[in-house]
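*Asks:* Each chain is listed here by its residues.
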Amino acid sequence: MQLTQKNINNSNLLLKVNNLSVFFNTPEGNIQVVKDANFSLNKGECLGVVGESGSGKTQTFFSITGLLSSNGYCKGSAIFKGFDLITSSEEEKRRYLGKSIGFIFQDPMTSLTPHMKIGKQLSEIAIFHEKLSSKLAMERSLEVLDIVKMPKSRDLINSYPHELSGGMKQRIMIAISLMCRPELIIADEPTTALDVTTQSEILSIFNDLKSNMNIGIILISHNIGVIAETSDNVAVMKNGLIVENGSTFNVLTNPKDEYTKHLLSCIPPWLEK
Amino acid sequence: MKKEILNVQNLKLHYPISRGFFVKRNFIKAVDGVSFSLFVGETLGIVGESGSGKSSICRLILSLIPKTSGNIKWFGKDFNLYKKKEIKSFRKKVQIIFQDPYGSLDPRMTIGSIIKEPLGIFNKNLSKNESTERVIALMSDVGLSSDLYNRYPHEISGGQCQRVGIARALINKPSVLVCDEPVSALDLSIQAQILDLLDVLKHKYNLTLIFVSHDLSVVKAICDNVIVLKSGKIIENGITSDLFKNPKDPYTKKLISSVPSPIPAR
Ligand SMILES: Nc1ncnc2c1ncn2[C@@H]1O[C@H](COP(=O)(O)OP(=O)(O)OP(=O)(O)O)[C@@H](O)[C@H]1O
Ligand SMILES: Nc1ncnc2c1ncn2[C@@H]1O[C@H](COP(=O)(O)OP(=O)(O)OP(=O)(O)O)[C@@H](O)[C@H]1O
Ligand SMILES: [Mg+2]
Ligand SMILES: [Mg+2]
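Residue numbers (our numbering), protein chains in the order written: chain W, 1 to 273; chain R, 1 to 266.
Hints are computed from structural coordinates only; laboratory data are not their basis.
It is possible that some hints are incorrect.
[What the hints assert, rightly or not] Think about it this way: if two alpha-carbon atoms lie no more than 30 Å apart in a straight line, the pair counts; the simulated DSS-like pairs of lysine-lysine are:
1. R:K88 <-> W:K117
2. W:K152 <-> R:K248
3. W:K117 <-> R:K230
4. R:K253 <-> W:K152
5. W:K117 <-> W:K152
6. R:K67 <-> R:K85
7. R:K230 <-> R:K245
8. W:K210 <-> R:K233
9. W:K149 <-> R:K220
10. W:K152 <-> R:K230
11. R:K29 <-> W:K117
12. R:K73 <-> R:K124
13. R:K220 <-> R:K73
14. R:K12 <-> W:K149
15. W:K117 <-> R:K12
16. R:K173 <-> R:K85
17. R:K233 <-> W:K149
18. W:K152 <-> R:K29
19. R:K233 <-> W:K117
20. R:K3 <-> R:K254
21. R:K67 <-> W:K149
22. W:K152 <-> R:K204
23. R:K230 <-> R:K202
24. R:K248 <-> W:K149
25. R:K29 <-> R:K202
26. W:K43 <-> W:K93
27. W:K149 <-> R:K253
28. R:K230 <-> W:K149
29. W:K120 <-> R:K29
30. W:K152 <-> R:K245
31. R:K29 <-> W:K149
32. R:K254 <-> W:K149
33. W:K152 <-> R:K12
34. R:K88 <-> R:K204
35. R:K173 <-> R:K29
36. W:K261 <-> R:K220
37. W:K261 <-> W:K210
38. W:K152 <-> R:K233
Use the sequences and the hints to build the structure in full.
*Replies:* What follows is the structure in structure tokens.
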């Protein structure tokens, strides 16, 4: 309750989601996979979303960004800078998505075109949204490849997606989301394919984006360590419900919900140095 | 003496980079002279930074991509000398779980038929009901509800896709399983369930595992031996507990110290 109060007269508020529900029509009948979700995000902050596999993390953010499959629909509101993403027209949505809101997909191939060179994929985004010349767009592409610590970026722009390792594809996705200087980044399991050293580099990039560029970040991850390192607040999901939501420190050190307690108890003991 | 199942000698995979006409031919050395052995019942971990060649090694040893050079001996016999029939039984015995859960599943097939498909190829005399039962039992073993049986890959979550890949690889009770980041998209409680399942299979059927993972806590929990890769080369290998206690190579040290702590800083 207190959180909601604070957000009403908060000029830093970037995204506010109210009573969001997501449904699918399936051969087995209608199912609800997100149930009345409420949360908010300020500029320059990171909200971590954790929870069981299949608990509704991805679909929550697919519904906000209009990415649900054709058998899905949603109810509720998602106010982004005073503008309801759920009820807005396709055209209005397009203005925000991909430009103000960057989405890093859990499945890298969703946003990579198989037969297009990496350099072209990146620069086309800047040509489309920012109307840059192709030369400037390519320069910008090299810049973001540096930001995500891709080695040998000059060779890389001539590679095709299938020539890259899992972790490289994941970093290209992060680069794509940065192309247009977004205000909100939704990152769905962005570091699952990364080794710990690359992972910690990416996490420090997220922390930079937050504090230096005031970008709001939603970070979906099943890795509590990743959440602990980046998130100011955390929402815990189970079976479509947000079962716990609060400051990362409070939730992780003093969990109230049984499921959160269970999740924390699964951490291998040697990690808790 | 433990029985050797796989022997890899000086394995190389070089990709030419030929960009433009006048550029000198260069190579990406994805795998660059790797040698190791795998023994029956062993779980061998492969760790290393992104792009170090882990997935390439998995594909090479299964002969899913052609090698540049080197020797691969499976069950005591050079794989180059395998006859067509031997390769077929090899494909049943040795299974792989791919790193990319979505990309490795046929988008036009339902979850049930994806898991069932290998059964049909190798067990022609199994009845339809028996196969379906086996699929559903295995789905429950990997924590998938049977409600998902008739769904398509794009209609299930990332972690559910990954478990479909695991179930498909296990349906024919393989004797060797190559797992390329098999639990990376799974939350800890389901990870634990899958790792327990692999452990049961290890003890019940003496399953031999190659386990690629960037998650060192998982590697530490289940691997007997570990290989650390960097730029296509093995830079360190040994018994898991020794390697974690006393890493020699600076890169291994860095790897071990980069694990994010789940205890938040205030
Ligand atoms: N198109 C669809 N039709 C029917 N059910 C769907 C569809 N897409 C997703 N689902 C179901 O919705 C539920 C929530 O899926 P979601 O992708 O949000 O899970 P998640 O929390 O992101 O899980 P993971 O961590 O495994 O990625 C899952 O049970 C999934 O099977
Ligand atoms: N078809 C290809 N053509 C050219 N280069 C390739 C091809 N496939 C892989 N590579 C390169 O080989 C190297 C090793 O890739 P590999 O996929 O084996 O890495 P990995 O260790 O599995 O990394 P990750 O942890 O990111 O999955 C990378 O530099 C990659 O770009
Ligand atoms: Mg998901
Ligand atoms: Mg890989």
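*Asks:* Each hint needs a verdict: does it hold in this structure or not?
*Replies:* Against the structure, the hints come out as follows:
no. : hint              : result
1   : R:K88 <-> W:K117  : violated (36 Å)
2   : W:K152 <-> R:K248 : holds (28 Å)
3   : W:K117 <-> R:K230 : holds (26 Å)
4   : R:K253 <-> W:K152 : holds (25 Å)
5   : W:K117 <-> W:K152 : holds (15 Å)
6   : R:K67 <-> R:K85   : holds (21 Å)
7   : R:K230 <-> R:K245 : holds (20 Å)
8   : W:K210 <-> R:K233 : violated (37 Å)
9   : W:K149 <-> R:K220 : holds (28 Å)
10  : W:K152 <-> R:K230 : holds (16 Å)
11  : R:K29 <-> W:K117  : holds (20 Å)
12  : R:K73 <-> R:K124  : holds (29 Å)
13  : R:K220 <-> R:K73  : holds (27 Å)
14  : R:K12 <-> W:K149  : holds (26 Å)
15  : W:K117 <-> R:K12  : holds (26 Å)
16  : R:K173 <-> R:K85  : holds (19 Å)
17  : R:K233 <-> W:K149 : holds (21 Å)
18  : W:K152 <-> R:K29  : holds (14 Å)
19  : R:K233 <-> W:K117 : holds (28 Å)
20  : R:K3 <-> R:K254   : violated (34 Å)
21  : R:K67 <-> W:K149  : holds (29 Å)
22  : W:K152 <-> R:K204 : violated (47 Å)
23  : R:K230 <-> R:K202 : holds (29 Å)
24  : R:K248 <-> W:K149 : holds (26 Å)
25  : R:K29 <-> R:K202  : violated (34 Å)
26  : W:K43 <-> W:K93   : holds (20 Å)
27  : W:K149 <-> R:K253 : holds (21 Å)
28  : R:K230 <-> W:K149 : holds (17 Å)
29  : W:K120 <-> R:K29  : holds (25 Å)
30  : W:K152 <-> R:K245 : violated (34 Å)
31  : R:K29 <-> W:K149  : holds (20 Å)
32  : R:K254 <-> W:K149 : holds (17 Å)
33  : W:K152 <-> R:K12  : holds (21 Å)
34  : R:K88 <-> R:K204  : holds (24 Å)
35  : R:K173 <-> R:K29  : violated (34 Å)
36  : W:K261 <-> R:K220 : holds (23 Å)
37  : W:K261 <-> W:K210 : holds (28 Å)
38  : W:K152 <-> R:K233 : holds (19 Å)
Checked against the numbered hints given earlier, the structure breaks hints 1, 8, 20, 22, 25, 30 and 35 and satisfies all the rest.
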